Each structure stands twice: as structure tokens, then as C-alpha cells.
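K.L.:
As you go down the protein sequences, you meet chains A and B in turn. Residue numbers for the first sequence, in my numbering: 29 to 356. Residue numbers for the second sequence, in my numbering: 29 to 356.
Note that these hints are calculated values from the structure, not bench results. None of the values given here were measured: they were computed from a predicted structure. Check before you lean on any hint, since a few could be wrong.
For chains that are exact copies, the list does not tell them apart, and a pair is met inside one copy or across any two.
[As the list claims (entries may be wrong)] Here are the simulated BS3-like cross-link-like pairs (lysine-lysine), alpha carbons at most 30 Å apart as the crow flies:
id, residue 1, residue 2
1, 216, 312
2, 345, 30
3, 122, 94
4, 312, 217
5, 217, 345
6, 125, 97
7, 345, 216
8, 94, 125
9, 312, 275
10, 275, 309
11, 192, 275
12, 94, 192
13, 125, 192
14, 122, 192
15, 30, 217
Protein chains: 2
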Amino acid sequence: MKVGIEMLRDVARRAIARQGYEAADTEIILEIIMYAQLRGNNQNVIKLLGPGMPANPEAGQIGVAKETKLSALLDGGWNQGMVVMSRSCEIAIKKAKEHGFGIVGTRRTNSPTGAIGYYGRWIADEGLLGFVFSGSPELMAVYGSYEAFLGTNPLAIGIPTAGKPIVLDMATAAIAWYGIHLANAEGKKIPEGVAYDRDGQFTTDPGQALAGAIKAFGGFKGAALALIVEILTRPLVGATRDDDGRKTDWGNLIFAIDPELLAENLESFQAGVSDLLDRVKGLKRLPGVDEIPIPGERGDNYFDGVMAAGEIEIDEKVWRELDAVASG
Amino acid sequence: MKVGIEMLRDVARRAIARQGYEAADTEIILEIIMYAQLRGNNQNVIKLLGPGMPANPEAGQIGVAKETKLSALLDGGWNQGMVVMSRSCEIAIKKAKEHGFGIVGTRRTNSPTGAIGYYGRWIADEGLLGFVFSGSPELMAVYGSYEAFLGTNPLAIGIPTAGKPIVLDMATAAIAWYGIHLANAEGKKIPEGVAYDRDGQFTTDPGQALAGAIKAFGGFKGAALALIVEILTRPLVGATRDDDGRKTDWGNLIFAIDPELLAENLESFQAGVSDLLDRVKGLKRLPGVDEIPIPGERGDNYFDGVMAAGEIEIDEKVWRELDAVASG
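Whenever a hint applies, use it, and build me the whole structure from the sequences.
P.N.:
Structure below.
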């Protein structure tokens, strides 16, 4: 079914507030959920259904555990991840604008962090190079193992151009955890070679995969990058484990680099990137490829289509459930 | 055949000097070539054979095109890539130690840059997180294309631990350009699905692949990372093209981050990373896996074996040719 964007936004806002968030936090979460929804990203209003993402009753203030001219380590105080990540972005951007570089780590946030391309894009929109790394619970195997140990460890990179920014937003996993869950709920199979069962056999059964582990993307190289993200979001920011070694906390890291540290100025850098993208668009294409894709572009096109229509396609069941959550 | 390490070093030194490098540059290049040789990396003395890597007669001084507290943009003055990269490392480390972050871009270097893990390891050995990105000529296709446009765009990441550093050193290509060249010289086939011929068909013929394009690793995600490396090593550092749009210059980027910006101190960070690696080593292993591999470890083990023996296995033909180059 089709729903007007403002109507969806209003219902989503009420659904978030119902989960125990105060007004300011609700607006931050709403913006990030709607970003995903309006770009065809699955970190969307579905997050508000079922168990949802209730506010942590133990949440306190967001604290600054350590700060230097270039850096801040935030103690999330078990506030919602998107709220803490937004604060991190603001600080990283401010420091990068003042000094050329800003880096912010977080720990003790209440998951989830939503579509992390949002933060990469935000930094790029400010004329900076944005790098975002996000930790998560034990879901993915390291190379050579079949035991869930790493998070799906997504990363996002935002790059300013003369037009819309480049936004790469990718899990370092071969398949999104959410994709496995969805297949499980719908009784479908998952692709071959992306997940292990608990005995280390590849499985296409999503239930078995959820009891086992996801594989990293791209062989040893992808798995190595996943391990690097684990380091950036755990020991670097002081994320903790319980006495059994299970993660009790998963951290995040954001850094922003001013391109004017190296490029003549922002405009020349943006023009240079756009020139490169123009060349990319003009390259010979493989059969069946209508246009060479640029990271972030598919979401931008989806967004443009939705905004032109003023309404968005949404599953009727999702809409009914969302409305029920919003109405309490 | 086996050759003593010091004998190999001596012959390699003379082979480098014969290519037109002055003594100080020769020592820098020697160290990086020997690093690769002693770690079983293919960026080794083979680089000195055949066309070799002659000094550029137009080389001048390495200049500083732009500098801030945190950054420097080096004009390589067509000096050898390894020499300019070493200078970059020194500057990035110095700035990161003073301010917490240091970033150095280079342009107008004379290829090659050698095993870039060398620079990542160097930075990690100084107690910093090292990130290295290296541009190269038109060899690899962007996602959706079969035209050689990107470099093989390697990246290296160095992370200090309580023991030996983690050193990830990887091309974002599905196969190293050198691997294709070697297969071509030896009349062997390359694996399926890693390279296109000039008409966009996958080929296992290395000659056809050299006339075509290499594929990026890891599907859209790997190709997207390759594109990001292209941006970091071209528009960001002002690398140039000729009137036909061909690259006449391929840049490099290094940055170093002090973990103490976020972690309590270097020692606690190193201990945290080593604890994580200990856990990784203890995970359940897939059949046939004796030990979970950590990036950089294979090279370390090779190095330890060579140093214990005091000599290294080298192809007899390579040794004879190297000796001939050294003797002029």
C-alpha cells in the first residue's frame, strides 16, 4: 500500500515515543529511521515492531570519558545508539572543522545504531571525509573458524562531491543478519556459502544459520577488514565483556578528515571527485548493466522517487503493526 | 638454492645502486625490498630484474606542496616511490606523536612503492594505528564495467599489539597484477572469475587478462572500497592525467592515529588487542585449519624461519640474474 510521507513520519514518531524516548531523542531516532525508510534501506520502521527498540530504563546522561583537541570518547550511559552516534557526529565534525581531524569513539550505547550511512553522509554534507565503524554482538566467524565471534561489523564512508556525496554503507558480513532473520520469518532459504550451522557446515537454512555463524564477505581480505573493525570498535574504545567472555557492550568509532588538509580547497576536491565519477559513468559496461553504480546512488534514486510521489510503498502488515505500536 | 641473507642483501644493494640511485636512497629501497623478500612477499628482488626500477633522470628534490600541523602533501619530484613513502611515514609518525593524528599525501612519485605493509608495520611499531593507500595505473575494472580504469589499489593497516603488530596488506583486486604476469611468463592459467579479456568475457588466459582488466575482490563491496582508494590516492592528493585522460601520476596516502586519543594508554590498547587475538586463536576451527590466521602472521613466521636459518631459498635463475644486474 501507499502511505503519505508525512503520515508515515507522524506514526513513526509516535511509535518511537511509545518505546520510552523523550521528545528530543525521539526526533533524532525518527530522522535516522526515516532516512533508511526513504532510501529503501532495511534499517527502517520495521525496527519499531515486535520487540522494537525500547529505551533502556537504566539510561543516564551521555558522558565524556576522555577528550582531547582532536578526540572524544563518549560513555553512552546506555542511551540509544542513534542518539549517541548523532552526538558523536556533531563532535567529530566540529573538531574536524576546527583542527582538520576529529575522532569520536563510543561505548555503553543501547543498540541499534541504524543505517550508519546516515552518519557518513552527514559528515560528507559538511565537506569532510567521514569514516564510521560499528560494533555488534557475536554473529560472524573469523577466517578459518565457524564460531560466531565478530559482529557483522559494518562500515560507512562518506565522500563529498560537487553533487550528491558518495556514501558507502556495508556490512563486512557476506549477508546481513537482518536478511537471515527475514528469510527465517518468511520460510525462505538463504544463499549458499554465506553462513555456517553450529557444526561448521555451510547451510541455506536460516534457522540453522542463526544458531551458527555468518561468514565474512570477500574471503580472507573481507574477514581481515572485519577483524580490523572489531579492533576499532572494541579495544580502542574500551568496550567490555562479562566474566564468560561474552560481549556486554559494543562500541562505535567515527572519524572525520578535512580534505583541505591535502587538497587545494574543498571545491577543487569535490570537482576532482565528480570528474572521477563522470569518467566512471562513461566506462564500457558489462552486458546487462544499464549504468555503472556509485555507492549511495541507489538510495538517492529511491529517495528522489519517493519525494516526487509524496508517498511511499509500505507493506500493509507492517503499516498496521506500526500503527498499533504508535497507538499503544 | 639457498643464499645467505647478508650475501643476498649485498647483491641486492649493488643491483639497486646500478639502477641509478644514490647511497641514501639505495639503503631505503634495499630495506623495503628485503622486507618483502624475508617475508615471502612477491614485492621482492624480482623487482630489480628485467626492466627493473631505474631511477628517473628527471628526479629532483622531494618538495612540500602544502603543510599544516596535522598534514603534509609531498611533491615526490619523480623520486622513487619507496623513498617518498618512507619520508611520508616519518612525517605522519612525527605529527601523530605530536598531535595525535598525522596524514601525508604524495604525488609525482616514480613507481613502485613496494610492499606497503612495510609502512603499516612501521607506523604500528611506533605505537600508532597506520593506514596506507596506494594508487596505481589503469589495471582494474569498476563494478559493472570490464574496462581497466582503477589501480589494483592496495591498502595496508597496521595495529600495535602487546606482541608483533597486526599488518593487513591487501590489493583490492581479486588477483595481484604480478600474479597474472607471473602466470603469463610461466605459461600457466589464472583462476576463473578474476579477470576480463578486452571484450568483457571472463578469461583464464593471463595474456588476455593483461590486455583486459582485473576484477575487484569481494563483489560490489570490494569494488566500492577500491573506488574509495582511488579517491584517496587521486583527487585528494592532486594526481594528474594527460590530455587523453590517462593517468600520468598515481598518488599515495598515509595516515597515523594515536590510540591514546581514545584508549586509556598505549599499553592498555595493546593488551586489549592481544586479548582479542588470543580469543580469536581459541575459536573453533573449520576442518583442515590448524590455526586461525592473523593478518601479517604468515610473513612473520616466514621471517622467523629465514632468520633462524640465516639463509633464504631463492630461485637459481633469479639469483643469477640479480647477480648480473649487480655486476652491471
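K.L.:
Is it within, between, both or neither when you check residue 345 against residue 216 at 30 Å Cα-Cα?
P.N.:
within (18 Å within a copy, 57 Å between copies)
K.L.:
Please work out whether the CA atoms of residue 125 and residue 97 approach to 30 Å or closer within one copy, between two copies, in both situations, or in neither?
P.N.:
Both, since 12 Å and 14 Å are each at most 30 Å.
K.L.:
Should residue 312 paired with residue 275 be assigned to within, between, both, or neither, using CA atoms and 30 Å as the limit?
P.N.:
Only across copies: residue 312 and residue 275 sit 18 Å apart there, 47 Å inside one copy, limit 30 Å.
K.L.:
Cα distance capped at 30 Å. Does residue 275 pair with residue 309 within a copy, between copies, both, or neither?
P.N.:
between (43 Å within a copy, 17 Å between copies)
K.L.:
How would you label the pair residue 345, residue 30 (within, between, both, or neither) given a Cα cut-off of 30 Å?
P.N.:
within (12 Å within a copy, 71 Å between copies)
K.L.:
How would you classify residue 30 and residue 217 at a CA-CA limit of 30 Å: within, between, both, or neither?
P.N.:
within (28 Å within a copy, 54 Å between copies)
K.L.:
Within a copy, between copies, both or neither: where do residue 217 and residue 345 come within 30 Å Cα-Cα?
P.N.:
Cα proximity of residue 217 and residue 345: one copy only (22 Å, versus 53 Å across).
K.L.:
Given identical chains, is residue 122 near residue 94, meaning Cα to Cα at most 30 Å, within a copy, between copies, both, or neither?
P.N.:
both (16 Å within a copy, 23 Å between copies)
K.L.:
At most 30 Å between alpha carbons: which applies to residue 122 and residue 192, within, between, both or neither?
P.N.:
within (21 Å within a copy, 36 Å between copies)
K.L.:
Indicate which option fits the pair residue 192, residue 275 if close means a Cα-Cα distance not exceeding 30 Å: within, between, both or neither.
P.N.:
Only across copies: residue 192 and residue 275 sit 25 Å apart there, 37 Å inside one copy, limit 30 Å.
K.L.:
Which holds for residue 216 with residue 312 at a C-alpha limit of 30 Å: within a copy, between copies, both or neither?
P.N.:
Between copies, since 28 Å is at most 30 Å while 36 Å is not.
K.L.:
Go through the copies and call it for residue 94 and residue 192: within, between, both or neither, with a Cα cutoff of 30 Å.
P.N.:
between (34 Å within a copy, 27 Å between copies)
Hint violations for this structure: none, all hints satisfied.
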